[in-house]
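**Q** Chains as they are written, first to last, in the numbering used here: chain C, 1 to 159; chain B, 1 to 159.
Mixed in with the good hints there might be a few duds.
[Said to hold, decoys possible] Pair ranges (Cβ atoms, derived):
1) G113/B x R95/C: 17 to 23 Å
2) R120/B x Q58/C: 48 to 54 Å
3) E118/C x L39/B: 52 to 58 Å
4) M1/C x V75/B: 30 to 36 Å
5) K131/B x G62/C: 52 to 58 Å
6) A29/C x F70/B: 49 to 55 Å
7) L105/B x M1/C: 48 to 54 Å
8) M1/C x H96/B: 45 to 51 Å
9) K37/C x V75/B: 25 to 31 Å
10) F70/B x A36/C: 27 to 33 Å
By construction, these hints were calculated from the structure, which means they are not laboratory data.
Using N, Cα and C, we set each Cβ at its ideal position, and we do this for glycine too.
2 protein chains.
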Amino acid sequence: MRILGIDPGSHVTGWGVIDKTGNYIRHVAFGEIKPAKALSLSEALVCFSESLTEVIRQFEPGMAVVENIFYGKNVRSLIRQAQVRGVVILACCARHVPVVEYAPLEIKKAVVGYGRAEKRQVQAMIKAILKLPQAPPADAADALAAAVCHANFQKEQRL
Amino acid sequence: MRILGIDPGSHVTGWGVIDKTGNYIRHVAFGEIKPAKALSLSEALVCFSESLTEVIRQFEPGMAVVENIFYGKNVRSLIRQAQVRGVVILACCARHVPVVEYAPLEIKKAVVGYGRAEKRQVQAMIKAILKLPQAPPADAADALAAAVCHANFQKEQRL
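Make the full structure from the sequences, and use the hints.
**A** Here it is as structure tokens:
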């Protein structure tokens with residue numbers, strides 16, 4: 001089973017692909033989509049959508065995983081992030097990739113064993129679990145963590 | 001100038017198309033996109049995206065107008081609405097239709113002359129302004145109101 005983890009962010013959207021065979025997890029690829037800061041919201045949404053569609057075309061995942069949105073933010077950034085998340089979910093469904101979601105706490109717990117882990121701890125554990133030569137950047141690590149979480153729990157409820 | 005107004009909602013997205021020639025405004029079409037309640041979030045986003053793309057293909061607007069998101073809601077519905085809004089903005093940009101936004105207060109003021117007008121007042125004024133045989137349903141009326149607002153103010157800043 002090939003799993004695409006996505007961390008939809010207002011300015012950076014991380015992604016990571018893993019393969020799960022039996023109980024074995026293998027890293028395939030990761031990256032970050034970063035529209036230029038000068039782009040308008042519309043242009044950034046188009047960039048996220050096209051880049052993610054290209055990732056899906058290239059790696060053909062059977063499943064996509066996104067984090068729940070974290071409610072603690074201010075409303076402005078919450079709205080911006082949710083707009084990106086809508087576009088991300090659409091990009092998956094338009095290519096017939098079903099999407100599941102996990103809470104940030106579930107994902108951190110699955111990867112670090114501790115729900116309030118810091119970004120750096122997630123990066124270090126992802127490096128160890130996937131046997132990477134170095135830790136991926138923070139947003140790609142979060143995306144890979146979401147994928148690893150789903151590899152463990154295999155929640156069935158689709159978004 | 002042909003203007004597409006859109007009222008992106010979690011469960012119903014209204015749309016309305018008007019033509020502006022000089023100071024004259026003419027109604028072209030309106031409608032509401034209502035994914036079946038049984039659909040999942042992903043399926044609803046696909047439905048909104050495809051239906052709106054079809055509207056854009058059919059009417060070829062030169063400009064699209066959306067309301068700002070209203071902050072007063074609870075966070076859950078705010079997130080859901082913002083996800084729909086992201087998909088709506090993307091659908092416009094993917095067909096090269098620039099998008100502008102207005103605050104709900106600006107739109108109501110432009111149409112009813114009073115920022116805190118109720119839905120029914122907006123529907124009645126839209127019926128009168130566009131010389132419709134009857135008032136459009138609430139979400140289509142809001143979409144037409146956004147289009148009429150832009151016909152009056154022609155804000156230049158794109159989303």
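**Q** Indicate, hint by hint, whether the structure satisfies it.
**A** These are the hints, each one checked on the structure:
| no. | hint | in the structure |
| --- | --- | --- |
| 1 | G113/B x R95/C: 17 to 23 Å | violated (47 Å) |
| 2 | R120/B x Q58/C: 48 to 54 Å | holds (51 Å) |
| 3 | E118/C x L39/B: 52 to 58 Å | violated (38 Å) |
| 4 | M1/C x V75/B: 30 to 36 Å | holds (33 Å) |
| 5 | K131/B x G62/C: 52 to 58 Å | holds (54 Å) |
| 6 | A29/C x F70/B: 49 to 55 Å | violated (40 Å) |
| 7 | L105/B x M1/C: 48 to 54 Å | holds (50 Å) |
| 8 | M1/C x H96/B: 45 to 51 Å | violated (38 Å) |
| 9 | K37/C x V75/B: 25 to 31 Å | holds (27 Å) |
| 10 | F70/B x A36/C: 27 to 33 Å | holds (30 Å) |
Going down the numbered hints, you'll see the structure goes against 1, 3, 6, 8, while the others check out.
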